[in-house]
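Let's have the full structure, built from the sequences with the hints guiding it.
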Amino acid sequence: MFYNGNVLEPVLHQRRLRILSIFLATFFFILVSRVWYLQILRGSFFKEKSEKQRIRVQRVLSPRGEFVDRQERTLVDTKPGFNVTLTLEDAQDLDQSLERLSQLVNIPEVELRGKIETARANGIRRFQMIRLLSNVDWPTVALLEAHQMDLGGISVSPEPLRNYRFDGLFAHAFGYMGEINGAELGREAFSEYRMGDVIGKTGLEKGLERYLKGVDGSRQVEVNSLGRIIQEMAEHSPVPGSRIVLTVDYDIQHSLEEAFGDGSGAGVVLNPNTGDILAMVSRPSYDPNVFSGGIPAEKWKELTADEQHPLTNKAISGQYAPGSVFKIVMAVAALEERAITPQELVYCRGYTKFGGRRFRCWKRRGHGKMDLHRALVQSCDVYFYEVGQRLGIDKIAEHAENLGLNRPTGIDLEGEKPGLIPTRAWKKKTRNEPWYPGENLNAAIGQGFILVTPIQLANLVAAIANGGTVYRPQLVKRVENYRGEVLKEFASEVRYDAPLSAKTLHLVTQALEGVVSEKRGTGGRVRMKGIRVAGKTGTAQVVRMKQDEEESEDVPEKFRDHALFAAFAPVDDPEIAVAIIVEHGGHGGSAAAPIAGKVLERHFRKTGRLPELDQGKAKTPVERAEGRRAVMAGGREN
Amino acid sequence: MLDRRLIIHFDFGLLFLVLLLSGIGVGAIYSATHFGGSSTSMLYLKQLYWIGIGITGLLVAISVHYRTLQRYAYVIYAVSLVLLVIVAIGGKVGMGAKRWLVIGPLTLQPAEIVKISLILVLSRYLSDLQERGGFTFRSYGSLGLLVGLPLTLIVQQPDLGTSVMILLIALTLIFVSGAPVRPFLYAGIGTLAATPFLWRFLKAYQKQRILVFLRPETDPSGSGYHIIQSKIAIGSGGLFGKGIMQGTQSQLRFLPEQHTDFIFSVIAEETGFVGAVVLICLFGYLIFKGIDTALKTQNGFGTLVVAGITSMIAFYIFVNIGMTAGLFPVVGVPLPFISYGGSSLITLFMGVGLILNVRMRRFQSG
Numbered sequence: 001m002f003y004n005g006n007v008l009e010p011v012l013h014q015r016r017l018r019i020l021s022i023f024l025a026t027f028f029f030i031l032v033s034r035v036w037y038l039q040i041l042r043g044s045f046f047k048e049k050s051e052k053q054r055i056r057v058q059r060v061l062s063p064r065g066e067f068v069d070r071q072e073r074t075l076v077d078t079k080p081g082f083n084v085t086l087t088l089e090d091a092q093d094l095d096q097s098l099e100r101l102s103q104l105v106n107i108p109e110v111e112l113r114g115k116i117e118t119a120r121a122n123g124i125r126r127f128q129m130i131r132l133l134s135n136v137d138w139p140t141v142a143l144l145e146a147h148q149m150d151l152g153g154i155s156v157s158p159e160p161l162r163n164y165r166f167d168g169l170f171a172h173a174f175g176y177m178g179e180i181n182g183a184e185l186g187r188e189a190f191s192e193y194r195m196g197d198v199i200g201k202t203g204l205e206k207g208l209e210r211y212l213k214g215v216d217g218s219r220q221v222e223v224n225s226l227g228r229i230i231q232e233m234a235e236h237s238p239v240p241g242s243r244i245v246l247t248v249d250y251d252i253q254h255s256l257e258e259a260f261g262d263g264s265g266a267g268v269v270l271n272p273n274t275g276d277i278l279a280m281v282s283r284p285s286y287d288p289n290v291f292s293g294g295i296p297a298e299k300w301k302e303l304t305a306d307e308q309h310p311l312t313n314k315a316i317s318g319q320y321a322p323g324s325v326f327k328i329v330m331a332v333a334a335l336e337e338r339a340i341t342p343q344e345l346v347y348c349r350g351y352t353k354f355g356g357r358r359f360r361c362w363k364r365r366g367h368g369k370m371d372l373h374r375a376l377v378q379s380c381d382v383y384f385y386e387v388g389q390r391l392g393i394d395k396i397a398e399h400a401e402n403l404g405l406n407r408p409t410g411i412d413l414e415g416e417k418p419g420l421i422p423t424r425a426w427k428k429k430t431r432n433e434p435w436y437p438g439e440n441l442n443a444a445i446g447q448g449f450i451l452v453t454p455i456q457l458a459n460l461v462a463a464i465a466n467g468g469t470v471y472r473p474q475l476v477k478r479v480e481n482y483r484g485e486v487l488k489e490f491a492s493e494v495r496y497d498a499p500l501s502a503k504t505l506h507l508v509t510q511a512l513e514g515v516v517s518e519k520r521g522t523g524g525r526v527r528m529k530g531i532r533v534a535g536k537t538g539t540a541q542v543v544r545m546k547q548d549e550e551e552s553e554d555v556p557e558k559f560r561d562h563a564l565f566a567a568f569a570p571v572d573d574p575e576i577a578v579a580i581i582v583e584h585g586g587h588g589g590s591a592a593a594p595i596a597g598k599v600l601e602r603h604f605r606k607t608g609r610l611p612e613l614d615q616g617k618a619k620t621p622v623e624r625a626e627g628r629r630a631v632m633a634g635g636r637e638n
Numbered sequence: 001m002l003d004r005r006l007i008i009h010f011d012f013g014l015l016f017l018v019l020l021l022s023g024i025g026v027g028a029i030y031s032a033t034h035f036g037g038s039s040t041s042m043l044y045l046k047q048l049y050w051i052g053i054g055i056t057g058l059l060v061a062i063s064v065h066y067r068t069l070q071r072y073a074y075v076i077y078a079v080s081l082v083l084l085v086i087v088a089i090g091g092k093v094g095m096g097a098k099r100w101l102v103i104g105p106l107t108l109q110p111a112e113i114v115k116i117s118l119i120l121v122l123s124r125y126l127s128d129l130q131e132r133g134g135f136t137f138r139s140y141g142s143l144g145l146l147v148g149l150p151l152t153l154i155v156q157q158p159d160l161g162t163s164v165m166i167l168l169i170a171l172t173l174i175f176v177s178g179a180p181v182r183p184f185l186y187a188g189i190g191t192l193a194a195t196p197f198l199w200r201f202l203k204a205y206q207k208q209r210i211l212v213f214l215r216p217e218t219d220p221s222g223s224g225y226h227i228i229q230s231k232i233a234i235g236s237g238g239l240f241g242k243g244i245m246q247g248t249q250s251q252l253r254f255l256p257e258q259h260t261d262f263i264f265s266v267i268a269e270e271t272g273f274v275g276a277v278v279l280i281c282l283f284g285y286l287i288f289k290g291i292d293t294a295l296k297t298q299n300g301f302g303t304l305v306v307a308g309i310t311s312m313i314a315f316y317i318f319v320n321i322g323m324t325a326g327l328f329p330v331v332g333v334p335l336p337f338i339s340y341g342g343s344s345l346i347t348l349f350m351g352v353g354l355i356l357n358v359r360m361r362r363f364q365s366g
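Residue numbers (our numbering), protein chains in the order written: chain A, 1 to 638; chain B, 1 to 366.
Since no wrong hints were added, every one of them can be taken at face value.
No farther apart than 27 Å at their CA atoms in a straight line, the calculated lysine-lysine pairs in the DSS-like style are these:
1) A:K301 - A:K417
2) B:K231 - A:K47
3) A:K49 - B:K231
4) A:K488 - A:K201
5) A:K206 - A:K299
6) A:K488 - A:K206
Just so you know, the hints here were simulated from the structure itself, not pulled from any lab data. The structure presented is a predicted model; accordingly, all values stated were derived computationally and were not measured.
In structure tokens, the structure reads:
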């Protein structure tokens, strides 16, 4: 019937509302019946179903980003590894499973139970995996698979392992991996991480974690009552971590590592025009691969208890007296402050008397008449004692700081030390003592309070090489995502410009070249045909010696002097700067310079300025020089 | 000034009921998104924040006299249409559909606002018909235009769930207003007959959903998988459930939308038949209150608004629970007050605000 009149008469729409409410009540009745049907009538059927064919969502870990060198040669990647995991819900007989596993892998049951307890304390859910063993080998995987019927709830799951292809090469810059700890889990930066995840603990692995990590994927799998996968249902692929292109050159790094041999110490190679780090070594080193699958306790103990601190990156956190290398700073300061003219002569008779004390030159017979050039070339202490007195410590410190000393270089690695250049104010503040004039003399030859890090030394010679610019040393050129798109590019960064006059630079560079090229120079062992190298040797006392005590080879090694050498080349258009410190190596010229020489040689062979080495046969100038020097060992320079 | 009588007639019980349901929702979201000690999702906190905004919306909806809303119904309707058009032109695309409008920090779903504005405008139009002398041939055209405009815009977003809801709400309002039933009955039969033709307008995923609903077993790893897993989750809950936060099906993240559209499966699995029925009864009481208000209201516009909102909530409950229990296809409709999500929560709170508004002013004349 059609209504044409008052459609909204109360009676009619009340009736319609009643009809509506009957409809709605029916809806609710249907819902309750349906739920009753599912939960009560068929409840046991579905319960069984939910227990039998269980769907799990497993995480698919993203492969961590690679590290490649400046020529994009892979240095660090990932390789497949296997973990043994436990899912509590699948373990019908937990005691039996654990007992059997303990027998098979020969690990005490208490240790396994401890892992479960820790996981429980951290709120693990019954259907989540608990990692019992990390990085098990193939025979173990096979063994566990063979006994899987006795190992309900225990499964072997793949996990990408960090793979440092060249073991200890560049280890300190890379850092190492480790399991995330409770404190880290609490931090905002790790909100996406879970208990048991592996993260970068030190070095670049730590600093670049957010780029390296990628995004984990997930996979839905159906498992049977033992927790074994029956079928895969769906997968969200992980997003691989980003690739890090380093500034490092594998060839240079390799030659530096090789040249160091078993020695302890550190070395840094820079491009003086950009601050790019071409190589960086700290010795003794360690193999970061041992951390990748969880480091065994005894191995960790061994590394941390080692007196030579293999885990410390000495290139940035080792602080050493620079010894005579500091004379570079002294020469710059003297010329800039006009404390001495290049021509002025100072007579060296082997020592200087000051304040009733004798300050010796390393050459006991004395150097005779010395001007600035000769004093640098022959590393005459007496000459620089004089310069030190004239300048005073505060002026010395001012120029040292202009060249990047007494403060961190700003490299993107944790744990960099600032070194130390004393001043009057510093001594008053920290020791509450005045500065004694005699201490100017110690400072002048890079002893006393002065401390530098190897990377500061490299930066110092780089600044002399490039005309006074102190760059922030860089390890990373750019970050690329897995599709090869550049996410971040690191441009070279100038930290300070030391106001050096062209004349000063010219004089100092000329003298440093003399150190290498002249007959009496202390750095003759890096001499190379056709390439002009500038450098400075240094020998730093580890223990203060009595005035007339002669150091000899039978001094116990840990009291022997540190050997230093810093250099750049070619003089006319510098492209590489090196700093080497060999702990307890003895003399800079004989222990540190040859290492620098090998690195320079490798570099110039690579760039074609030196002929490529004929395997084994042709001796290079450096090697020939070494043979010669070996015969005439004995002369001591400072 | 707030009339003292308004406070006396204010239904605190209804307000409490809605807050209780929202609270259950927050708990269920917490349970559904909580995976192990170290990886707690913050979604439940966000839901609390949405509830806060929803309560504000509810208070706004109460404070304006519903007669004022009646006066401005066409304006509100026009504004919501403009928002829909803006979304159609430059909205944010999410999950293959253009539904969201970003205004500063807020992400709006205009389709939600349209539900309320359409109820207001239809109530206005239908109650006006009384004075103009009832249904004429032109009335059908006007109604078709009022409903058709937003419907077309929402269908092309495409949002199948909301489109169906809007159509159902409109038909309910027309029915309650006392319109003749037979023309609509014929139209319905006609539409059914045209279904094969309309089928061509559906997007591939919508066709897929309907097909899979009809025979879920044919595609256990795809869309049908949701329905199967949801049924297993509900069914395995049994009488008393597996315990809060102990559900094995729902805790395994077997559904991508377990804290939104499939929240009922989580509740049913963890609290069992007892919990599910308690929840359905709470909903039932809410609907009863709505119908009760509509029956007691003297004003035609007020009656229709309340009836519209009540049936909207009821349809949502029915379609959502029906979907999770395998009665309906998966159409992406939230469970009122329980599912995670800001837009629908705000709409619902405002809707309840309107019911409270009409309820406390039901004895006022004019």
